[in-house]
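These protein sequences, in sequence, are chains A, B and C. First residue of the first sequence: 41, per the working numbering; consecutive thereafter. First residue of the second sequence: 19, per the working numbering; consecutive thereafter. First residue of the third sequence: 58, per the working numbering; consecutive thereafter.
By construction, these hints were calculated from the structure, which means they are not laboratory data. Hints may contain errors.
[Stated by the list, open to error] Within a straight-line C-alpha distance of at most 27 Å, the following computed DSS-like cross-link-like pairs (lysine-lysine) qualify:
id : chain 1 : residue 1 : chain 2 : residue 2
1  : C       : LYS295    : A       : LYS237
2  : C       : LYS295    : A       : LYS329
3  : A       : LYS955    : B       : LYS262
Below, each chain spelled out in residue letters.
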Amino acid sequence: MARDPAIETSPVVSDEVKYTTCYMCACRCGIKVHLKDGLVRYIEGNRNHPVNKGVICGKGSSGIMQHYSPARLRKPLKRVGPRGENAFVEIEWEEALSIATGWLKTIRDTDPKKLAFFTGRDQSQSLTGWWATQFGTPNFAAHGGFCSVNMAAAGLYTIGGSFWEFGEPDWERSKYLMLFGVAEDHDSNPIKTGLGKMKGRGAKVVSVNPIRTGYSAVADEWLGIRPGTDGLFVMALIHELLHADKVDLDYLVRYTNAPWLVVQNPGGADHGLFARDASGAPLAWDVTKGEMVDARLPEIHPAVVGEFTLPDGRVAVPSFQLLADRYMAGEYAPDAVADRCGIPADTIRRIARELAEVAFEQTITLDVEWTDWAGRKHDKIIGRPVAMHAMRGISAHSNGFHTCRAIHVLQVLLGSVEVPGGFRFKPPFPKPIPPGIKPAGKTYTPNTPLTGAPLGFPTGPEDLVLEADGTPIRIDKAYSWEAPLSSHGLMHMVITNAHNADPYPVDLLFMYMANMSWNSTMNTKGVMEMLTAKDPATGEYKIPRIIYSDAYQSEMVAYADLILPDTTYLERWDCISLLDRPICEADGPADAIRQPVVEPDRDVRSFQSVILDLGARLGLPGMTNPDGTAKYPGGYADYIVNHERAPGIGPLAGWRGEAGDQHGRGAANPNQLKAYIDHQAFWHHELAPDQKFYKFANKGYLDFAVQMGFVGHADQIVIQLYSETMQKFKLAAQGHGAVQPPDHLRARVETSFDPLPVWYVPFEESMIDTTAYPIHALTQRPMIMYHSWGSQNAWLRQILGRNKLYVATSKARELGVEDGDWVKVSSHNGEIKVQVKTMEGLNHDTVWTWNAIGKRSGAWNLAPDAPEAKQGFLLNHLISELLPRDASGKRITNSDPITGQAAWFDLRVRIEKVKPGEEVCEPQFPTLPRLVGLEPAPTVNSYGASFHQKARDERSPA
Amino acid sequence: MHPAYSVIFFTTASGAGYGLLVLAAIFAISGLMPATAWLGFVTNGLALGLIAGGLLSSTFHLGHPERAWRALTQWRSSWLSREGVLAVATFVPAGLFAIGWVFLGTTTGFFGWMGAAAAVLAVATVISTSMIYASLITIRQWNNGIVPVAYLVLGLMSGAVLLEAVTRLFGVHGSHVDVVAIVLIVVGWLVKLAYWHSADTGLVKTTLATATGLGRFGSVRLLEQPHTEENFLMQEMGFVVARKHARRLRAIAQATLFVVPLAATIASLFVAPMVAMVLALVAVVSLAVGLLTERWLFFAEAKHDCMVYYGR
Amino acid sequence: MTSLPKHPPAKRLGLAIDLDTCVGCHACATNCKEWNTGGISAPLTDVNAYQAEQRGVWFNRVYTYEVGGEGPDARTVHFPKNCLHCEQPACVTVCPTGASYKRSEDGIVLVDHDKCIGCKLCSWACPYGNREYDEHVGVMKKCTLCVDKIYNQNLPEVDRVPACVAACPAKARHFGDFADPNSTVSKLTRDRGGYDLAPETGYLPTSKYLPPRPGKRSEAMPAAAPAPAIAGAGRFLKWVDRVLTR
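Generate the whole structure from the sequences, applying the supplied hints.
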């Protein structure tokens with residue numbers, strides 16, 4: 041009998057296991073890091089973590105290669121050659137910090153808004169935003185403006201939360217899930233896990249997406265919609281449901297402003313505003329009493345249709361009637377929208393019927409007693425098991441805010457928000473609609489903090505951040521008439537506006553983790569030129585100084601004057617804070633930390649510790665003790681533990697109080713980080729069963745939320761189907777009020793600010809010749825990449841090392857192109873030459889490619905002839921940050937007119953086959969010389985060999 | 019399949035060496051070749067040199083040539099192991115046979131038995147080599163009964179063409195060599211034509227539809243391969259020669275492997291010995307070119323089933 | 058020993074891979090790479106790691122296919138693939154050195170890297186393309202079903218599953234014993250019509266694939282009547298008399 045060779049099936053895996061939080065994308069899963077011989081042996085998902093519950097994705101599993109990347113920056117750098125040529129010298133931290141302090145101090149002493157502080161894919165925005173506040177510059181934002189602010193803002197102005205970090209489908213109970221424009225954007229592991237669960241129990245998944253990849257591939261039904269028309273499709277569904285009377289009126293009167301009366305006074309300054317009593321309470325018409333009542337009172341019987349005369353003689357109708365009136369009109373009938381959406385009318389009708397059938401015939405009832413906001417006890421919770429999730433494909437259009445609002449309206453009409461099987465909020469959401477923070481920055485004074493955070497939620501034109509003459513105060517023109525509700529800023533406009541001195545030039549651009557000279561910007565080539573453009577009069581750079589912090593040699597490094605090298609995610613402290621972008625789940629709030637699991641082998645420092653140090657050097661109030669010493673000498677970890685945003689409220693909610701026994705509120709606990717480490721680096725609180733649903737109207741939950749500091753009071757949060765805020769801006773555009781848009785924006789504001797969701801043709805499409813540019817062009821993020829970080833990873837770049845332009849097989853036949861052919865793709869902003877790949881699962885009039893695979897030759901310490909540089913390409917060159925000139929000759933931002941969300945996906949292109957002999961990827965840029973301090977990257981990667989060798993040596997000593 | 023030069027040289031050189039060994043043994047035992055020292059030295063030296071050179075070359079493509087001895091252990095299941103064992107075993111009788119011929123001037127009796135044993139083992143070795151390929155059901159073009167026949171016939175044919183040159187060099191040439199050479203070349207050509215026909219028309223059993231099991235839903239097309247650059251499998255098994263190129267190479271292979279040696283051998287019957295000598299050398303050179311081309315095509319035209327996963 | 062075990066292994070360990078839920082995220086591929094590059098197969102060498110023509114040793118690869126008709130009628134299927142640990146693995150029997158073997162206790166097909174001469178013949182014998190030559194180390198490597206993880210006494214019992222299974226976010230990978238008719242993988246295979254890849258090869262793969270389910274569409278529902286085109290306030294009549302309580 042043959043004997044099998046003896047093998048070691050129980051090798052020691054690690055010397056030590058440390059828990060921390062992943063940063064291979066923005067999902068922030070809990071990870072277990074196995075360490076052996078001082079090296080990272082294995083990273084796996086943490087089973088107990090609320091986000092990923094043990095699983096880990098393709099990116100997270102490649103963390104070892106991210107951490108040991110040869111592209112890591114090693115030491116602070118000072119530019120010595122012309123900007124853009126990668127000529128630096130290494131300097132010590134002390135020199136770097138004194139240079140930065142000098143530049144910053146001059147600005148703070150004179151005009152603090154000359155500092156533009158933009159922090160990219162920052163996961164510490166509550167710190168960075170606060171730092172900007174303390175510095176006194178209104179010019180702060182992270183990357184939300186070019187990411188998904190349409191999603192966030194539409195949700196916060198409608199239902200008090202949004203998708204992803206704000207809420208999630210009820211994966212456990214939902215029977216019908218609609219995904220809109222969802223690629224691998226965000227919440228990736230929960231979505232994958234949830235899809236697995238839903239499909240496993242036979243629920244239906246519908247994906248509305250021009251491209252059938254990833255989640256759309258496993259969907260039961262794929263609707264390959266034409267980009268930018270999702271709003272029409274959703275409104276047609278609403279049309280069908282209203283006509284069929286398949287809306288949850290009980291839910292609407294109880295939880296939404298559907299019965300609130302809206303003044304009908306066309307031309308008047310009050311037209312379209314809510315009818316209110318003297319105390320400001322919104323009014324409804326009680327059909328049994330036959331009188332006006334405070335619409336927020338319980339036990340009233342409000343009308344949802346009808347015309348009513350107010351005590352002062354004005355006429356008003358319930359907002360539901362305005363809603364029904366709009367969407368029941370023939371223009372939203374399936375037959376009227378089918379051609380524009382590219383979805384057959386019968387399909388639209390069928391989906392509407394399926395939604396209604398699941399919501400109203402497959403109702404879930406949980407026998408859980410709960411108490412509503414008015415103190416009434418209910419013995420059950422009714423679930424309408426239809427859930428929805430939307431992402432970039434909805435938000436990255438100039439009509440995205442309204443489309444996203446339309447999706448929320450659809451969810452609400454079905455009664456499926458915050459119910460079992462529906463869409464559920466993740467605490468601290470829902471928040472008041474909108475959250476009660478207004479943007480600061482209307483006043484800015486040297487050496488003085490702002491009066492509040494730079495980013496907030498305007499509720500009327502008076503909240504815009506404008507000079508007295510109407511000039512935007514912010515460099516990105518956020519909270520100006522170009523983007524009044526831009527609650528995440530417009531990072532994509534900063535370089536262009538600073539270069540054009542429009543509205544003014546800046547002295548210092550300070551950026552973190554944003555590859556703005558490459559894949560994170562629109563108009564890449566143009567932006568590269570702007571970064572190196574000089575003022576002919578002075579010979580100085582138009583953007584005089586640039587400080588950049590990153591962990592890696594991204595393309596942006598070459599364009600900075602001072603480089604502050606950051607750590608990798610395994611070398612740092614971080615907090616995933618409830619004050620920031622939390623990682624909660626619907627069943628309860630959670631937060632987490634990152635802890636250093638390995639020590640840096642380079643002279644690098646975490647960016648967060650660095651800005652706290654700079655803050656102390658500058659004497660910023662929050663960062664300095666009265667005696668002038670640093671308030672957080674221990675850096676970011678010190679801040680995480682000891683900072684208090686409000687009394688008892690700090691970055692971390694868990695284990696507060698001297699004894700570490702308080703959660704939510706409590707004094708700083710010096711042992712808090714240890715408590716987190718002892719609890720696998722996260723804190724999670726499970727809500728009681730009676731707190732888990734109807735959170736906007738659930739006394740048990742709202743009382744808890746007040747105690748935790750999530751909301752200021754336990755009043756019901758009433759869903760705002762009809763948005764009075766939007767109407768206020770519309771009225772201003774119609775000539776009412778003190779603050780009015782400039783004439784060139786008046787018409788745009790008037791049409792785009794509508795109290796109910798509207799659909800309009802995306803701006804680029806409406807301004808260019810669509811016969812010259814007949815095709816939509818999109819990007820998607822691959823499941824295995826997070827922006828440019830992933831495509832330099834030794835493992836991930838083997839999976840996807842070059843990208844092609846995907847063309848529908850049917851379109852390729854029309855164009856006469858085949859797989860592997862080279863084509864010229866042109867837009868109104870430029871042209872690129874790329875290689876074609878055909879596919880079936882693609883809208884006929886759409887082409888697309890993977891985002892951020894293309895790299896600049898010489899960047900990221902990759903070989904100059906790497907396929908990422910020679911065959912990979914960016915679509916960004918084709919996308920302009922500015923729209924074509926309008927009738928008045930002005931070029932304004934290529935963004936959503938409400939939120940300023942970058943309209944990446946409005947792009948229209950033309951495709952032509954290139955002549956033989958021209959088969960090369962274009963544009964190409966000069967190869968960046970090797971960055972000082974970086975060793976040439978190895979050709980052979982034998983990572984892991986040492987673990988095995990050591991194990992063998994130990995088993996059989998020589 | 020990737021045509022590795024070490025393997026191409028190995029199979030062609032050792033095949034020719036074994037073929038020469040077989041024919042020389044038969045002729046020597048049967049008295050058709052004299053047991054003279056220099057003839058024995060050159061004939062056996064050439065045969066054993068080709069065999070040894072081929073075997074040595076075959077180790078060049080190994081990741082660990084120093085462990086090659088391990089390949090002798092698994093003769094119960096592995097044709098490659100059997101080939102190794104037989105190849106080593108062949109050297110024993112072949113060496114004794116050569117000693118008898120070169121040093122003792124005898125190719126009969128014990129040494130004759132050794133020659134016969136060497137010939138049998140040589141045939142077995144060549145068949146084992148061919149079975150390495152023919153036993154792989156993963157490669158349709160190889161998993162074919164003609165492959166062992168072709169390897170054996172081409173080996174013997176190569177030996178015959180070499181023997182033509184050797185016997186003419188030593189002036190011991192006889193018409194039996196010509197007859198054997200001409201017959202083997204013609205048979206070799208027919209076998210190779212039969213192989214190509216069979217390889218071109220054989221039934222494809224494994225397709226992307228069966229390999230993925232997705233054929234139940236209709237046609238299956240590759241959208242994304244798992245890596246955008248070529249991996250080991252694609253480099254090793256994804257080598258495909260263009261059809262047009264293959265046709266041209268087949269013509270070249272036939273001309274050099276069969277037409278030229280055949281014509282030279284026939285022509286040599288009618289010319290002066292010196293010219294015949296030159297023709298025999300021309301045949302050998304042409305044979306070498308032909309064998310390398312034929313063997314290159316044997317690999318390059320073979321498609322591994324796993325490549326269906328890559329849409330190839 | 059490259060002869061196969063004389064008696065069928067008591068356990069037949071393998072995977073059931075669910076093509077219905079795999080979203081193609083490559084977690085199985087990279088987590089496998091991560092575990093195994095430091096495990097008994099260490100390293101899973103990468104060549105040209107940061108240069109052109111990057112390639113490396115992977116035990117798990119994810120393919121994507123389009124299946125069926127055109128446009129919306131086509132179906133996109135992500136298709137992860139690693140060693141199927143066949144019952145009749147010719148990759149084992151062709152091995153001339155005894156480096157390749159099928160374990161008699163659980164049927165896992167392994168390579169003893171100390172015996173492998175790097176002739177690559179086993180990779181030629183595998184119809185599935187699941188053997189991986191490490192050109193830098195000069196030996197053949199392959200999926201071990203994480204044999205140094207699934208039996209590892211140093212890991213909590215719950216973690217003793219292959220890395221690809223532990224990582225898979227969509228739970229499209231199930232690990233278990235196909236010899237046990239009550240195991241999850243056996244049940245899934247029965248219930249979902251699990252099948253062998255390329256059955257015509259006769260290799261008898263242990264691991265099975267669960268086919269994509271048919272998409273759910275309510276085609277049978279009668280077509281909706283065209284929406285009535287009632288103009289004016291009349292269309293709100295159905296809501297006028299509703300008494301709703303807040």
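Q) Okay, which hints does this one fail, numbers in order? A) Number 1 only.
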